[in-house]
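> Residues per chain, in single letters:
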Amino acid sequence: MNARDVLHVSGLRKSYDNNEVVAGIDFHVPQGTCFGLLGPNGAGKTTTLRCCLGLTAPDAGTIRLGDCSVPEEAGKARLRAGVVPQFDNLDPDFTVSENLMVYARYFGIKGSTIRQRIPELLEFAGLKGKEDANIQTLSGGMKRRLTLARALVNDPTIVFLDEPTTGLDPQARHLIWERLKQLTARGITLILTTHFMDEAERLCDRLAILDHGRLITEGAPRELIAGHIEPQVIEVFGDSAGNWARARNSLGERLEIAGDTAFFYCHDPAPLLAELANVPSLRYLHRPATLEDVFIKLTGRELRD
Amino acid sequence: MHMPPRFFALPHAGCQWLSVWRRNFLVWRKLALSSVLGNLADPLIYMLGLGYGLGGLLPEVGGGSYVSFLAAGTVVASTMNSATFETLYSGFSRMHVQKTWDAILNTPLTLDHILVGELIWAASKSLLSGVAILLVIAALGMNTSTLALWSVPVIFLTGLTFSALGLIICALAPSFDFFMYYFTLFITPMTLVSGVFFPADQLPPALHAIASWLPLTHAVQLTRPLLNGMIPQHAIAHLAALVVTGGVAFYIATLLTRRRLLK
Numbered sequence: 001m002n003a004r005d006v007l008h009v010s011g012l013r014k015s016y017d018n019n020e021v022v023a024g025i026d027f028h029v030p031q032g033t034c035f036g037l038l039g040p041n042g043a044g045k046t047t048t049l050r051c052c053l054g055l056t057a058p059d060a061g062t063i064r065l066g067d068c069s070v071p072e073e074a075g076k077a078r079l080r081a082g083v084v085p086q087f088d089n090l091d092p093d094f095t096v097s098e099n100l101m102v103y104a105r106y107f108g109i110k111g112s113t114i115r116q117r118i119p120e121l122l123e124f125a126g127l128k129g130k131e132d133a134n135i136q137t138l139s140g141g142m143k144r145r146l147t148l149a150r151a152l153v154n155d156p157t158i159v160f161l162d163e164p165t166t167g168l169d170p171q172a173r174h175l176i177w178e179r180l181k182q183l184t185a186r187g188i189t190l191i192l193t194t195h196f197m198d199e200a201e202r203l204c205d206r207l208a209i210l211d212h213g214r215l216i217t218e219g220a221p222r223e224l225i226a227g228h229i230e231p232q233v234i235e236v237f238g239d240s241a242g243n244w245a246r247a248r249n250s251l252g253e254r255l256e257i258a259g260d261t262a263f264f265y266c267h268d269p270a271p272l273l274a275e276l277a278n279v280p281s282l283r284y285l286h287r288p289a290t291l292e293d294v295f296i297k298l299t300g301r302e303l304r305d
Numbered sequence: 001m002h003m004p005p006r007f008f009a010l011p012h013a014g015c016q017w018l019s020v021w022r023r024n025f026l027v028w029r030k031l032a033l034s035s036v037l038g039n040l041a042d043p044l045i046y047m048l049g050l051g052y053g054l055g056g057l058l059p060e061v062g063g064g065s066y067v068s069f070l071a072a073g074t075v076v077a078s079t080m081n082s083a084t085f086e087t088l089y090s091g092f093s094r095m096h097v098q099k100t101w102d103a104i105l106n107t108p109l110t111l112d113h114i115l116v117g118e119l120i121w122a123a124s125k126s127l128l129s130g131v132a133i134l135l136v137i138a139a140l141g142m143n144t145s146t147l148a149l150w151s152v153p154v155i156f157l158t159g160l161t162f163s164a165l166g167l168i169i170c171a172l173a174p175s176f177d178f179f180m181y182y183f184t185l186f187i188t189p190m191t192l193v194s195g196v197f198f199p200a201d202q203l204p205p206a207l208h209a210i211a212s213w214l215p216l217t218h219a220v221q222l223t224r225p226l227l228n229g230m231i232p233q234h235a236i237a238h239l240a241a242l243v244v245t246g247g248v249a250f251y252i253a254t255l256l257t258r259r260r261l262l263k
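Chains as they are written, first to last, in the numbering used here: chain A, 1 to 305; chain B, 1 to 263.
Incorrect hints may appear among the rest.
Residues of chain A placed beyond 12 Å of chain B at every Cβ, according to the derived structure [said to hold, decoys possible]:
{"no.": "1", "residue": "Gly24"}
{"no.": "2", "residue": "Ser112"}
{"no.": "3", "residue": "Thr113"}
{"no.": "4", "residue": "Phe196"}
{"no.": "5", "residue": "Arg214"}
{"no.": "6", "residue": "Glu230"}
{"no.": "7", "residue": "Gly242"}
{"no.": "8", "residue": "Ala247"}
{"no.": "9", "residue": "Ala258"}
{"no.": "10", "residue": "Asp268"}
Straight-line alpha carbon distances no greater than 25 Å define the calculated DSS-like cross-link-like pairs of lysine-lysine that follow [claimed, not checked]:
{"no.": "11", "chain 1": "A", "residue 1": "Lys76", "chain 2": "B", "residue 2": "Lys263"}
{"no.": "12", "chain 1": "A", "residue 1": "Lys128", "chain 2": "A", "residue 2": "Lys181"}
{"no.": "13", "chain 1": "B", "residue 1": "Lys30", "chain 2": "A", "residue 2": "Lys130"}
{"no.": "14", "chain 1": "A", "residue 1": "Lys110", "chain 2": "B", "residue 2": "Lys30"}
{"no.": "15", "chain 1": "A", "residue 1": "Lys143", "chain 2": "B", "residue 2": "Lys99"}
{"no.": "16", "chain 1": "B", "residue 1": "Lys30", "chain 2": "A", "residue 2": "Lys143"}
{"no.": "17", "chain 1": "A", "residue 1": "Lys76", "chain 2": "B", "residue 2": "Lys99"}
If you want a taste of the chain A side facing chain B, the calculated C-beta under 7 Å gives, among others [to be verified]:
{"no.": "18", "residue": "Leu55"}
{"no.": "19", "residue": "Gly75"}
{"no.": "20", "residue": "Arg78"}
{"no.": "21", "residue": "Leu79"}
{"no.": "22", "residue": "Val83"}
{"no.": "23", "residue": "Asn89"}
{"no.": "24", "residue": "Pro92"}
{"no.": "25", "residue": "Asp93"}
{"no.": "26", "residue": "Arg105"}
{"no.": "27", "residue": "Tyr106"}
Think of the hints as simulated: they come from the structure by calculation, not from any bench. On a predicted model such as this, the values are computed, not experimentally measured, just so you know. Ideal Cβ positions, reconstructed from N, Cα and C, are used throughout, including at glycine.
Bound conformation, chain A alone (with noise of 0.2 Å):
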């Protein structure tokens, strides 16, 4: 293990009723970086965190987490980690700071200490003059934020964010990003699981693709992107693009089709372009390759429910 390692694990297994959920997993994550874990659903994601966390017991490999092994000492280590859950498990019972000061609690830190740092928190979080509100009363957006402030109520050293942004809109998002980024320029290790590549792109240093229980990939979104796939996407909508395409097929590397939209990866778009020129009734999308066109080449195209 690296020393400045934050997460390490290896050889991780998990298997339900003889179905291998986690089938043998390796990464390490360096302090203050942000670490994605992307796969579709039932690829394992959150059966990892919740191994790592030491809420499921895996039934071979190694965790360490800051200075313990999991799941021997998960309690310990759960004293410095901070958890933002897929679903939002907000205390409905308590106003926004008492949500704070309850879950302080259970870290044991004395409420004088968290008295002081609940509006430097809520700050964080976008929350000022929100302390006595109701949980009903916040939007899903404040209710996000809250569950991160409350992540950050003992002074974490890594962070585990299950889907934070799922069913936020663009606004709440953007503040959910930057938020993060700060969070890492701070020296504070994220694992972040989710579906938007955007989000991956953006935030992540570097990722791992999990597919059926397995990496099959890893290393940051950029050497992802150039070492996976062709560098330029053109995208050809229509009724007739299927066909269109597939004589055309040559003109790029690799040529996909789903539905009626034709991808062409390629090198060089310019040939293909020029055809396209001549077909005015075929509309296209030029735009450079990201992050989703290769998570679709790893993991296919068909639906995962």
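With chain A held as given, fit chain B onto it using these hints.
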């Protein structure tokens, strides 16, 4: 299903359960008045209504007036009901609906801390219910013996036992509707055969024999003599029965909840 090695470990909780207890106390404090009134009004209406109304038609029951016979039963039954409601409806709401337990599990606390906190919290609330009725009984001049004070720890123990049983049902419940089975199949029949409303020896012998094994019977057998200023017969055996039932039930509840939440 494969279980990790520590799955069967006995629950252990240090003193960190206290912050779970305190969380529930803080919520209760916000609604304390209506909660106490609710706990008190219903059983008192039954006790006084049946006690004086029905009691007027009856000769002595168990060596005293019917209302004083019923008083002891009411203390025990309302302790049981309070512990049961708290662990079933409120406990399930915290565990399953509000996901309060999930939030706590992300802190240094463990599921054992949560369960011990919930157990002692529900028993504390039931203690309050039992003692509130005890105070009304005393105010009505129905018991004046200092021996009645010994019923306070018995009420708490009764609360612990029924809280532990309630936590088993909470761990098994798919939804709130499930609790109806527990009430109609266990709590209500038990209330009728355990000597709460009438002496259990009025029952057919077979039913009486079964009833004598039920936890509510033990609680009634301890509480009624104490309220009448007498030392209960077989006190040790009744206490042991409540302790063992509660202990075993709590261990089972711990295993079932671990299976449910720590998959």
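> Look at each hint and say if it fits the structure.
Comparing the hints with the structure gives:
Separation of A:Gly24 from chain B is adequate, the least Cβ-Cβ distance of about 17 Å exceeding the 12 Å criterion. Non-interface status of A:Ser112 relative to chain B is upheld: no Cβ of that chain comes within 12 Å, the nearest being about 16 Å off. Non-interface status of A:Thr113 relative to chain B is upheld: no Cβ of that chain comes within 12 Å, the nearest being about 14 Å off. Even its closest Cβ contact with chain B, about 23 Å, leaves A:Phe196 beyond 12 Å, as expected for a residue assigned away from the interface.
For A:Arg214, the shortest C-beta to C-beta distance to chain B comes to about 21 Å, beyond the 12 Å cut-off, and the non-interface label holds. Consistency note on A:Glu230: stated as away from chain B, and its beta-carbon is indeed over 12 Å from all of that chain's, at 42 Å minimum. A:Gly242, annotated as away from the interface, keeps every beta carbon of chain B farther than 12 Å; the closest lies near 44 Å. Annotated as non-interface, A:Ala247 keeps its C-beta farther than 12 Å from every C-beta of chain B; the closest such distance is 52 Å.
Listed as outside the interface, A:Ala258 is consistent with that label: its C-beta sits roughly 35 Å from the nearest C-beta of chain B, beyond the 12 Å cut-off. The claim that A:Asp268 lies off the interface holds: its Cβ sits roughly 50 Å from the closest Cβ of chain B, which is beyond the 12 Å cut-off. Pair hint A:Lys76 plus B:Lys263 holds up; C-alpha atoms about 20 Å apart against a cutoff of 25 Å. Proposed proximity of A:Lys128 and A:Lys181 is supported: the alpha carbons are some 20 Å apart, at most 25 Å.
A C-alpha spacing of about 19 Å is found between B:Lys30 and A:Lys130, which places the hinted pair at or below 25 Å, so the restraint holds. A hinted pair counts as satisfied when its Cα atoms are at most 25 Å apart, and A:Lys110 with B:Lys30 qualifies at roughly 22 Å. Restraint check: the Cα-Cα separation between A:Lys143 and B:Lys99 comes to about 15 Å, which is no more than 25 Å; the hinted pair holds. Annotation: proposed proximity of B:Lys30 to A:Lys143 holds, straight-line Cα distance about 22 Å (limit 25 Å).
The straight-line distance between the Cα atoms of A:Lys76 and B:Lys99 is roughly 22 Å, inside the 25 Å bound, and the hint therefore holds. With a cut of 7 Å, the hint placing A:Leu55 at the interface with chain B holds, because the nearest CB-to-CB distance is about 6 Å. Hint on A:Gly75 holds. Least Cβ distance to chain B is approximately 4 Å, under the 7 Å limit. Checking A:Arg78 against chain B: minimum C-beta separation of about 5 Å stays under 7 Å; hint holds.
Annotation: interface hint on A:Leu79 holds; nearest CB of chain B at approximately 5 Å, less than 7 Å. With its C-beta approaching chain B no nearer than about 4 Å, A:Val83 sits inside the 7 Å limit, and its interface hint holds. Residue-level restraint check for A:Asn89 holds (minimum Cβ-Cβ distance to chain B is 4 Å; threshold 7 Å). Using the Cβ-Cβ criterion of 7 Å, the hint placing A:Pro92 at the interface with chain B is satisfied: the shortest such distance is roughly 6 Å.
At its closest, the beta carbon of A:Asp93 sits 4 Å from a beta carbon of chain B; the interface hint therefore holds under the 7 Å criterion. Taken as an interface hint, A:Arg105 checks out: its beta carbon lies about 5 Å from the nearest beta carbon of chain B, inside 7 Å. At its closest, the beta carbon of A:Tyr106 sits 4 Å from a beta carbon of chain B; the interface hint therefore holds under the 7 Å criterion.
Of the numbered hints stated above, none is contradicted by the structure.
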